[in-house]
Structure formats: C-alpha cells, structure tokens
Amino acid sequence: AQSVTQLDSQVPVFEEAPVELRCNYSSSVSVYLFWYVQYPNQGLQLLLKYLSGSTLVKGINGFEAEFNKSQTSFHLRKPSVHISDTAEYFCAVRGAGGYQKVTFGIGTKLQVIP
Amino acid sequence: DTEVTQTPKHLVMGMTNKKSLKCEQHMGHRAMYWYKQKAKKPPELMFVYSYEKLSINESVPSRFSPECPNSSLLNLHLHALQPEDSALYLCASSQEGTGGDRAFFGQGTRLTVV
Chain A
1 AQSVTQLDSQ
11 VPVFEEAPVE
21 LRCNYSSSVS
31 VYLFWYVQYP
41 NQGLQLLLKY
51 LSGSTLVKGI
61 NGFEAEFNKS
71 QTSFHLRKPS
81 VHISDTAEYF
91 CAVRGAGGYQ
101 KVTFGIGTKL
111 QVIP
Chain B
1 DTEVTQTPKH
11 LVMGMTNKKS
21 LKCEQHMGHR
31 AMYWYKQKAK
41 KPPELMFVYS
51 YEKLSINESV
61 PSRFSPECPN
71 SSLLNLHLHA
81 LQPEDSALYL
91 CASSQEGTGG
101 DRAFFGQGTR
111 LTVV
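Sequence lines, in order, name chains A and B.
Per my numbering, the very first residue in the first sequence carries number 1; after that it's consecutive.
Per my numbering, the very first residue in the second sequence carries number 1; after that it's consecutive.
One or more hints might be untrue.
[To be verified] Cβ-Cβ distance ranges computed for the label pairs, FRET-style: (1) B:ARG110 <-> A:LYS109: 31 to 37 Å; (2) A:ALA17 <-> B:LYS53: 47 to 53 Å; (3) A:GLN10 <-> B:LYS9: 25 to 31 Å; (4) B:GLY14 <-> A:ALA17: 24 to 30 Å; (5) A:GLY53 <-> B:ARG30: 24 to 30 Å; (6) A:GLU16 <-> B:ALA80: 47 to 53 Å; (7) A:SER84 <-> B:LYS41: 47 to 53 Å; (8) B:GLY14 <-> A:VAL29: 42 to 48 Å; (9) B:THR7 <-> A:ALA17: 23 to 29 Å; (10) B:ARG102 <-> A:LEU56: 16 to 22 Å.
The hints are simulated quantities; they were obtained by calculation from the structure and are not laboratory data.
Quick caveat, the model's predicted, so the values are computed rather than measured.
C-beta atoms are modelled at their ideal positions from N, C-alpha and C, and glycine is treated no differently.
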C-alpha cells in the first residue's frame, strides 16, 4: 500500500513570489506520482505526473515538480505565482504496473495574496 | 472532446428520495470512476468500471448503486441516503483501467441530503 503526506494544509504567498508545496510518499514498490489542482466548486485537473525517466517534470500553468527517490518526495514548485493559482492542490501516488488505486494526500490550499 | 460531463451540477434530495447522477465522456476511455469528496478532504474512490464491467467496489454502502449502460456513460443511483452522504461526487475516466495515469475529472455534482 502507498501513502501520501502533504505537510502544509495552507500556504499563503504574495503574488509574483515563488512557492513550493511539499509532498512526501511511502511505498514498498515503484510508484507513479501526480499533482492535481482543484479550483473552488470544480473537479480535479491534472497538473503534472511522474511515471519514469527525468526526475524533473514540467506541467501546465508554469508548475514543475522534482521526484527525489532517496527523500521519497515530489515537491511542487512555481517561480512566480498569480492570483489565479489560488486553489487546492492534491499530491497523489499509485503503485506502478497494472491496476493500482490512486491515493490522494489531504491537500494544500494555496492562497495567493495580491 | 476532452471533457467529462456530469449532471446535475447541484442536487438536493430527501432521505426517502431516489435520484441518479450521470456522467458522460466521448474520449473513447474504457475506464470510468466514481469518487466522493467531503469538504476539505481528498477524493475517495468509490467504484471503478473497466470495459463496462464493475472491477472495483471500495466497500461502498448499497444505497449507492453504480451502472455503466455503455462505454460512454456512467450512472450512480442513489436511494435512502443519509445526511452524512452530502458531498461532491466526482466522475473520472481514463484510457485504461490502470488507476488513472491520465484521468480526466468532471466538475462534480454537489449533493446535499436533507
């Protein structure tokens, strides 16, 4: 089984400042990792994913994340945030290969301050 | 068409009512999912359909009854719900039933049980 820990429930940041949202996972097998964004009263949208290959993954809206196997982390970063980035961000993990259930973290609310 | 469409967007129902949530996708995806999301919580998987057959039931109470009439449609029939079932119900689809490497989510149905 896999688990995900998002260390910060809320992250306030000023507009145009950089941001990092932290995610750590645990698993006894190889994993795939995901970041989803959820805007108020909306469904989830995939920001980026790591399946294999390069550990630095670039996603939509200027976000990127780095897979660090030794630290079991997959932190999400953006160099300069906009007001429109205010949303809930979920880190998710699933075991690699075949059908594996996706496990979501509890979410981090990114609040961009004008 | 890269959308998952859910109807209705909002639903208020009494504990003795019978209602249905609907989900539709035209991306040729063969796996479809129902998730339940309580306020300020991550989505929780309820059901997975793969090639129109129920493949995963995450111990969901029988008052929730899924149905997959064809490869594009997924329904969730509701009967005798409890107030604690009030939540955002999210439908998702992916190309294969591998847990959602590239799952597309609908915007959800906000359900209130009174």
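Status of the hints after comparison with the structure:
Distance hint check: the CB atoms of ARG110 (chain B) and LYS109 (chain A) are about 19 Å apart, inconsistent with the given range 31 to 37 Å. Taken as a hint, the range 47 to 53 Å holds for the pair ALA17 (chain A) and LYS53 (chain B), whose Cβ atoms sit roughly 49 Å apart. Range check, GLN10 (chain A) to LYS9 (chain B): Cβ separation about 27 Å, and the 25 to 31 Å hint holds. Remark: the range hint 24 to 30 Å for GLY14 (chain B) to ALA17 (chain A) is contradicted by a beta-carbon distance near 48 Å.
Remark: the range hint 24 to 30 Å for GLY53 (chain A) to ARG30 (chain B) is upheld by a beta-carbon distance near 25 Å. A beta carbon spacing of about 51 Å between GLU16 (chain A) and ALA80 (chain B) agrees with the range 47 to 53 Å that was offered as a hint. The supplied range of 47 to 53 Å is broken by SER84 (chain A) and LYS41 (chain B), whose beta-carbon atoms lie about 24 Å from each other. In this structure the hint that GLY14 (chain B) and VAL29 (chain A) lie 42 to 48 Å apart at CB holds, the actual value being about 45 Å.
Between THR7 (chain B) and ALA17 (chain A) the C-beta distance comes to about 39 Å, which lies outside the given range of 23 to 29 Å. Taken as a hint, the range 16 to 22 Å holds for the pair ARG102 (chain B) and LEU56 (chain A), whose Cβ atoms sit roughly 19 Å apart.
Hint compliance for this structure: hints 1, 4, 7, 9 are broken, all remaining hints hold.
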